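**Q** Take these sequences, add in the hints, and give me the full structure.
As you go down the protein sequences, you meet chains A and B in turn. If you want the numbering used here, it's the 1-based position in the first sequence plus 2. If you want the numbering used here, it's the 1-based position in the second sequence plus 2.
No lab work stands behind these hints, which were simulated from the structure alone. Source: prediction; values computed, not measured. Each hint can be trusted.
If we take Cβ atoms under 10 Å as the criterion, some of the chain A residues that face chain B in the derived model are:
id : residue
1  : Val179
2  : Ala181
3  : Cys188
4  : Val218
5  : Cys221
6  : Pro232
7  : Ser234
Glycine is no exception: its CB is placed at the ideal position from the N, C-alpha and C atoms.
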Amino acid sequence: MKKIKAEKLGLTESVKRHLEAIGVVVGEVIVPSTITIHYPRERRKLPDNFRGLILFDSKACISCFRCAHICPANAIVMEHRIAYFPSIDYAKCIFCHFCVDSCPTGALRPTKIHDFVYKDMDEMVVHSEEMVETPEIVREDSFTVEYVFDGDVQLVKKKEKEELVPEVKPPERPPKVAAALNPENCISCRLCVAACPTFAISAKEEKTKIILEINVDRCTACSICNKICPTSTLGLVDR
Amino acid sequence: MQQKWEVTRPERYVEGKYFASLKAKVIDPGICSHCGTCSVCPVKGIRVEDKPIYFPNWEEECIDCAACVRVCPRYDYVPLNGMGEYIEILAAKSKRFKGQDGAMATEYLVSAIEKGLIDEAIFVGRDEDWRTTVHRVRDADQVNTLLTGTKYSFAAVLPEMIQSVREGNNVGVVGTPCMVSGIRKMQREIRLFAKRVKLVIGLFCTENFYWHQLSAFLAERGIDLRKGIKTDIKKGKFIVEYADGEKAEIPVKEFDPIIPSGCKVCQDFAAVESDVSVGSVGSKAGFSTLIIRQEVAKDLLDFMKEQGTVEVIEEVKMKIVEKLIHHKMEIHPYPPKK
Ligand SMILES: Cc1cc2nc3c(=O)[nH]c(=O)nc-3n(C[C@H](O)[C@H](O)[C@H](O)COP(=O)(O)OP(=O)(O)OC[C@H]3O[C@@H](n4cnc5c(N)ncnc54)[C@H](O)[C@@H]3O)c2cc1C
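**A** Here it is as structure tokens:
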């Protein structure tokens, strides 16, 4: 066995090296060179389209089922409320946000909230009505931290509190609106009135007449009325 | 403006939802012809089966749209009768199909498909017990001997036709005079059907039956419909032809107790509102009598001649056709005699 012996340094060299070591430690105390974020007192600054917890707006939802169909993890089940609204099972959700991206009306919205826990599996199934309000979060943070990649990684800290629910612009509606393309086909069954998810179609009864009307401002051009009409009365026209 | 439109509906005959009016004015008094046009019902509540037309739980499920009373040919019933207007009358037979008479009903429908006039034709077939079944045909190859030939029982042609139209097809249809009238009324009321129902073939008809009544009636007289390969009414006799060539015959007069009340107020023998009417009487065995009423039917006959699928002979014994037309008017007075 070979024993490694410490190098014999002279007194001056030894003191010099010790002072150097102390200098590094003092320097690290004053300006640390770690890239660790001191969560929860600091939070990483996240982009507005960060794929975190999902919020829901029942007024915007048109029950088109697109979110449920596109979900690759089968985490979304449409449940009947006043219409069919999505529930999300966070035990299955893979945070791909295909649902958010596929929602034609912006009823599903992204947030930057990623730090949430559930007590049990049942609780992980989040129903539409539980997705409306932003959950209450205890915030201890007063800094945001941003990584800046400029040759070396740099941390940029700012004293600020970030809004976790960003304002997102709802997707643009198709420039279309429902219309009675063939009013002579209408049998006044009013299935369209019942089916319209945004209550855009109304029917008034005047003696033996039924007067039907589409509210252009409410119509989202989802085309459900067109699909349900048994006599091909309705369709979409340019706005 | 395309965002506002209105629909005018008939007066209600009785208080309550519109189906109540149909029931009170047509079904309950027994003048319903069982044509099945009311199956246009958007909630599919009105049933066309082997019993009088009904709508289970209509008090709840009727959505009060009035479509049924708008299309019902008996809601404001004025009997049609006579020979009706026509372009020409002749006798013809199909060279490729076997049918009741000259298989011209079948030839017309198939030629309409081949000419590109329609996407689908609605045929009435039957099961082993001679219950009627309804079929959609898109191709000559689909026609078989169960689809041609007369079944003397109500058939749910109209529900199938309506469904086909809703699926976006142009359709051709063959039916009894009441069905023809139902289709015409529906076409006047709902434009969609005027656009999509391209060919309406009417059959000569005196009466039709509920299957359960007809089969029970024949069974009581020792006739097993299951063994029959053809049914016919000729010279006042109902005839069931068996596979071995034997025939059973019963005078039509004896059928009186099972004639549906809706048929008893019908005077339209020659289907006067059809594009072309097809019947047995008036032409020799193996030929169908044709009353061509509309250009569409005339054009189709020209097409068949070009294709070489028909044999046409001019002579039709008009006297006997007229006799049956008048006979039906006489035996079916409206309002009915008490
Ligand atoms: C109930 C009834 C009563 C009839 N009464 C007379 C009569 O009194 N005098 C007369 O001359 N002719 C009558 N006919 C017509 C005749 O029997 C033949 O149907 C007609 O001559 C056509 O024959 P074809 O060989 O050209 O038809 P085919 O080519 O054999 O085709 C017959 C067509 O009739 C359809 N069909 C069969 N049964 C029914 C049904 N129950 N409802 C609707 N469609 C049906 C089939 O789909 C088929 O397309 C009657 C027909 C029916 C259905």
